[in-house]
Structures are given as structure tokens and as C-alpha cells.
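Protein chains: 2
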Amino acid sequence: MQSFTEIAGGVTAPGSFVAGSLYAGIKAANASRPDIAVIASTVPAVAAGTFTTNKVKAAPVRVSQAHLRSAETHAIVANSGNANACTGVVGIEHAKRTVHAVASALGLRDRQVLVCSTGRIGVPLPIEKMEAALEAKLGTALGEEGSQAAAEAIMTSDTVFKEAAVELKLHGKRVRIGGIAKGAGMIDPNMATMLCFITTDAVIDKKLLQQALSEAVENSFNRITIDGDMSTNDTVLMLANSTAGHTPLAAGDREFARFQNALTHVATTLARMIVEDGEGVTKFVTIQVRGGRSRQDARKAAEAIANSVLAKCAWFGGDPNWGRIMDAIGYSSARIREEMIDIYFDGLITVKNGMAASTPFQKVVEVVAKPRFTITVDLHLGEAEHTVFTTDLSTRYVELNMGE
Amino acid sequence: MQSFTEIAGGVTAPGSFVAGSLYAGIKAANASRPDIAVIASTVPAVAAGTFTTNKVKAAPVRVSQAHLRSAETHAIVANSGNANACTGVVGIEHAKRTVHAVASALGLRDRQVLVCSTGRIGVPLPIEKMEAALEAKLGTALGEEGSQAAAEAIMTSDTVFKEAAVELKLHGKRVRIGGIAKGAGMIDPNMATMLCFITTDAVIDKKLLQQALSEAVENSFNRITIDGDMSTNDTVLMLANSTAGHTPLAAGDREFARFQNALTHVATTLARMIVEDGEGVTKFVTIQVRGGRSRQDARKAAEAIANSVLAKCAWFGGDPNWGRIMDAIGYSSARIREEMIDIYFDGLITVKNGMAASTPFQKVVEVVAKPRFTITVDLHLGEAEHTVFTTDLSTRYVELNMGE
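Note that the protein sequences, when read in sequence, are chains A and B.
Mapping of the first sequence onto my numbering: position 211 corresponds to residue 1016, and the numbering continues sequentially without gaps.
Mapping of the second sequence onto my numbering: position 335 corresponds to residue 1140, and the numbering continues sequentially without gaps.
Treat the hints loosely; a few may be bogus.
[To be verified] Stretch-level coverage of chain B by chain A, calculated; a stretch enters the list once three of its residues show a Cβ under 8 Å from a Cβ in chain A:
hint, stretch
1, 846-854
2, 1085-1097
3, 1109-1122
4, 1163-1171
5, 1192-1201
[As the list claims (entries may be wrong)] From the structure, some residues in chain A lie toward chain B, with a derived Cβ separation under 10 Å:
hint, residue
6, Ala890
7, Val894
8, Lys901
9, Ile926
10, Ile1134
11, Ser1199
FYI, nobody ran anything at the bench for these hints, they're computed from the structure.
Quick caveat, the model's predicted, so the values are computed rather than measured.
Built from N, CA and C at the ideal position, the CB exists for glycine as well.
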């Protein structure tokens, strides 16, 4: 069924994309690590994006949302170490100056460049340093092998760089989709404190690309949660440059469906990498709710479980504690009937009709001892289902987040 | 302005109430500690109650909701060590048998007794042990000095027993209001995993008592949050036995307003005790949001801050991290304008117009180093305000909740 192949690489796997990183000195603590990533198409491309729904939006989010209206987009610039959020009009000016420095160096118009930032909130960007670095180094920083360098430059508390790519045939031509991402703490649906950049050489128009990206994000980044917080900077951007040269994709046709499938796979792979690299994470937990009266009901129940601080502490300690799961389902605002609920841990029935099932408790403890397990909840009220990916809450998580 | 006086004692401070505890062996781990509390009026009384809004409701919640329809109520029985939640029809039967054992021992009708449970979810009550203990010991367990014993018998992870009482004059007669409470983890508005029992000798009818209790709970227990979870068992019950002998209170009159004021004070005192005794708590934090366009907006913003895992970890570490507060306000769904927001730590302006204010950061760090501080957010969009009481999130909290 799977009509694509996973391949090595990230944003430079598709044809005619270059990427790279440079050092501007934004992060005081990691003074030698690159802190700016740039991704560019060497030919005209179209862009799509999804952004945080937080009402407090970082300056680069506002600038990128405006620039996304441009018919053509050539490049993305992203810095780590500073979120450029809660920085007022100065922040907007800094985001625009970052864009302008990239556009100047690459011979583009400002509106053909998108911009992202990640890091501490409320501190102005060291914009002069950034402009100087972009002017001096961007000309030689980009290359066809630059994906990993770009992925590393956007890392904050991430412990590993994150990239993924696939290859498939569309209308007889080889097409590639590749992406990089960052994000560790503060991960939530709608979306993670996370940046993700995806490229493709598929032939697709701007409107259809946006549709495909929105669908992929809904089924990947909007399904991951670590601590329920949602950042001011979350952004997913995608560029498509048509260099694969096939018949253009059209909404509703079979080749588009295959493209969508492959794109969602790249996004899901990156989203899972983010969860697994979450701050202080010791367990990767899949929460699957089925039997919901509506999709919204299934989603609310799944997210309440995934964000229950008490349930997450119990998983960290290897305690199944299904009472905390029942509790979370009960306050989730999903329509439920307590006496209809079944809960499974990796397929072992643990709760039947809202009460303890006969499975020996020790068997369930063995499941929760594993680094990855799935909790399935059947609400038995309908056909709707929803799945989210989450983690435990460890003492290490608290230590990592108690100060910077 | 304050028209009441704080006095020592709890539920037996008002006239003609008795209380006490007994040991039934419900808690395996604390085998010698009393685990059943009983409070009774020696004369007919009226009752009021507020209950968890969790759709998964413990059996005693369902039974007490039904028994609250009785015109007269004489007694409350509560056990710790077992929540009698997610226990199905057997759980309902056990709650009814608990009630019946108390009614038999005290010569009451079953429907004149209310019942509560707190502890682990999903395990049937050891009902035979409880019946045997109530039959053998209840006759001699109750006394006019029994409030503290009752308060101790309902403790679970609480480290201190909680009681409060006030005295005031109504229509020229001395009136008392007293209460006991328990609750530590899993505290949230609507309401805490918590039990609270309040008594008064005021002369008030059942309907007005319910109105007064609902108002007091709204301004106390529904304003506290530790970890955002909401329990299946949360219950506040109140008994009024009219033995003060004054002219009956009437809605809208000045004496009723003074009674309301005193009752809210007792409830608030107990609610604060619960937060301060929260599991692994090192900081007591008051979140005050003003300038909301509506009360709901102020409330949503306050609760989002109070439940932000990241903000709570920062407070534990002594880091003001106002970016995480802005972030929480942004995703709270309150109507806000980022550039209008001011944030104060104990009155020190830290954020002005959505950006860092000029107060030296070290001054703000000194505030967050204190065991108690207040964060005030001004949304500058209207006149509405709301206050909640919360805590930090410590490594000790995680350790305490990682298994039982």
C-alpha cells in the first residue's frame, strides 16, 4: 500500500534546494554553535505555512504570515537562541531586517523570504550581529548537502537533529519530499514549540500545497503533546519548486492522494522525533481513543489523558494507574458514559465497563515498564476515533525547566 | 468591616454538633490510623452540597446527590483510603450500606445520612470491615470535641489536618460556622480532589443554605488549582441546625450578607490550607488577572497561567520567566491584545505593553525566591477581574505522584 520509500537526508533531498547554517553569536551559552539556518530553492518556488494559534505571536510569525501572500517564495531563514517574541515594534523591525539581509545576499525580494525564530521570549534580537553574519557568510554557507547543518542550527534544548525524507513516483517522474524540525519542551497540539521546514520538487500550485500541508500538520504536529503548553513561535513552512517536471498535481486525483500520503508520513516522522526527544522524556505513549460519538469527543478525551499531569507522573513511575485515566476522561468535556468505557494497555484489557478488568495487575505493570506503549480507550458510543502521541512527566523534566 | 471573629475548632464549634473518627482497616499502609469520620447534628438539620463536575462520579457522590433531596439531614460519613470510584453497581451498594450502618447506629433514616469517600480509584470498599466498625464503635466515637479527630480521619496525602471556624452575631444571637477539609494532589477549580464539611447553628432554610454554600464554593474551592486535574469524588457538604435560635435569615437581608461573608471566609481559609499543603509544594502563588473584557476572560487567563506546567516549573526554580506567562495568556482563549498586557510580581512591573519593563531582573528574581508571591496581570481591555491560588511544580511533586 505504501507508495513511497524512505530515503536519507532532509530539506536538500528534493532537487534544486540548498541549505546551510552560520554563526552569528545569538546564544551566549553555546558561543561556538551555528544559530542561523537558511533553506533556499535555486529556482522559483511556491510556499505554504501553518502557524501557532497562540494570540501572543512572535514577530517572525507575523512577518511570515504577511510574506506568505507572495506568489513566489525562495527562501526561509530561522534563528535559534532568541524567539523574538514579546518584543513589540522593534521585534517586527528585526524580523524584517533579518529577511532583508537574506534577500540582499541571495538577490531576492524581501517578500520572497520567510522568517522564523526560536528561543527565549522577551529579549531583542542581536540584529547587527545577525546582519553582519548573513552579509559576510551566507554566500558560501548554502549547499546541496546542507540539510543537517540547517537542522543543527535550529536546535535549542533538542539533543538530536531531526530530518526525514521520502521518494515516490508521480505521473512517472521521481519526486522527493524532505524536512527538518526542532522542538523539545512546550509541545502541544495547535502546535508544538517547534519549527518544521519541508521541501519538495513536486509540481503543485500554491493553493493545493497549502491544502496538503494543512492536512499533514493536522495529522502529525497537531497530535503531539508533551506538557500542554503552546508556543508563540510554532511554525511549519513548506516550499515546492516543481523541478520534478511531472504533470501538475490536481485536487482529488490519485497522484495527489499519494503525494498527500507521503507528505503526511514525513510530517509524522518528524513529529514523533520531537516527542521522543522531549525534555526529560523516558516514555513515548500513544493514546488512542475510539468509539467516540464524534471526532471532537474522541479528541477531547485523548488530549485530556495526554495532558494529565497525574497520569504522566504515574507512567514515569511505571504505575498504570487507570483511575487517573478515567478521571481525565471524565473531566475532558467529551460525551461519555462511565459504565461503557473500556481501557487497554498494549491490547491488555485493564478496564471493562468502567471498572477493573480481570487482567492481572502485574501484566499491566509490565507494559508500563516499557519505553513505548499504547493506551487504547473505547468509549463505546460511536465510530469516531483520534490518536495523540505524548510522553511521561519526569523529575528530569522539572529540573530542565526550573530555570534558564 | 469584618463582622466575624476567627475562633479555634472546626465542625463541632457550632452548637449541637458532634464528630469523631474510628478505625475500620481500609488503608493497608497506615493500618493504625482512623479511616472513617462521622459528623452529626444532635437535632434535625438541613443540608446543602456541591459536587465534582467530572462525568466519572464516585458512587458516594451519586448517593449523596440523591440523599440531599431529603428535607432533613442529620449526619455525614466519610472514609479515606478508598475512593469507591469506578466500582459500578457494587460501589453504589457499598455507599448505601455505609449510609445504612451509620443510620442504624444513630437511629436515623438512611436518606438523612450523606456519604463521601477519598483515596485510590477502582478498588471495592472493604464494606464488611466498615459495617463491623461502625456497628461496634460509632455509638461511643462521637463527641463535642471530635472535630480534629474527624479532620484527621479524612486525610490521605495531606500532611496536616485542616479546620477553621468563625463566630458572629446575627439578629443579636451568637452564631458559629466551622469546617474541616482534606485535599492535596489533583486540586483544580470545579473542584479539588477534596472533601470539605461545614456546620453552622444559624437559622437558615435549605434553599438559602444551598445558595450561600454555592456562592462560598465559587469564591474559594473553585479558585484553587495545583495540577489541573479534577477528581471523581470532590464534595463540599454543609449542615445547618438552627440551634442559635435567631430570626431566620432571609435572602437579600443584611444579616444574610454577613453570614455569607463569614461562610466564604471559612471556605477560603480551608481552600488556602489545601493549596499550601499540596503535594511537594514549595511556593504559594496568587494569580490576579484584571482588566478583562469579561469575568470569563479574566478567569481563563488566570487559570491558564495557574495550570501552565512550564510556568510552575520556573517558579519552583525561582525563575520569573514572564515569557511563559505571556505564552499561557496567549493560548488561554481569553480575549487579549498582546501589546496591552502588563505583568507585575508583587507589585513590581515586569512586563509593560507586552514587553520587558525596566525593572531590574534581579528584583523580580527576589520576589520569586519568596515562598509566597502574587502575579498580577492587567489585560487593559475592561473592568473584569479574577483571582486564583496555585503552587509551583516541584521534582518532589513528581516523585510523590509516580506510583502508589
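Outcome of the hint check:
| no. | hint | verdict |
| --- | --- | --- |
| 1 | 846-854 | violated (count 0) |
| 2 | 1085-1097 | violated (count 0) |
| 3 | 1109-1122 | holds (count 8) |
| 4 | 1163-1171 | violated (count 0) |
| 5 | 1192-1201 | holds (count 3) |
| 6 | Ala890 | holds (7 Å) |
| 7 | Val894 | holds (9 Å) |
| 8 | Lys901 | violated (17 Å) |
| 9 | Ile926 | holds (3 Å) |
| 10 | Ile1134 | holds (6 Å) |
| 11 | Ser1199 | holds (7 Å) |
Taken one by one, the earlier hints fail for this structure at numbers 1, 2, 4, 8, listed in ascending order.
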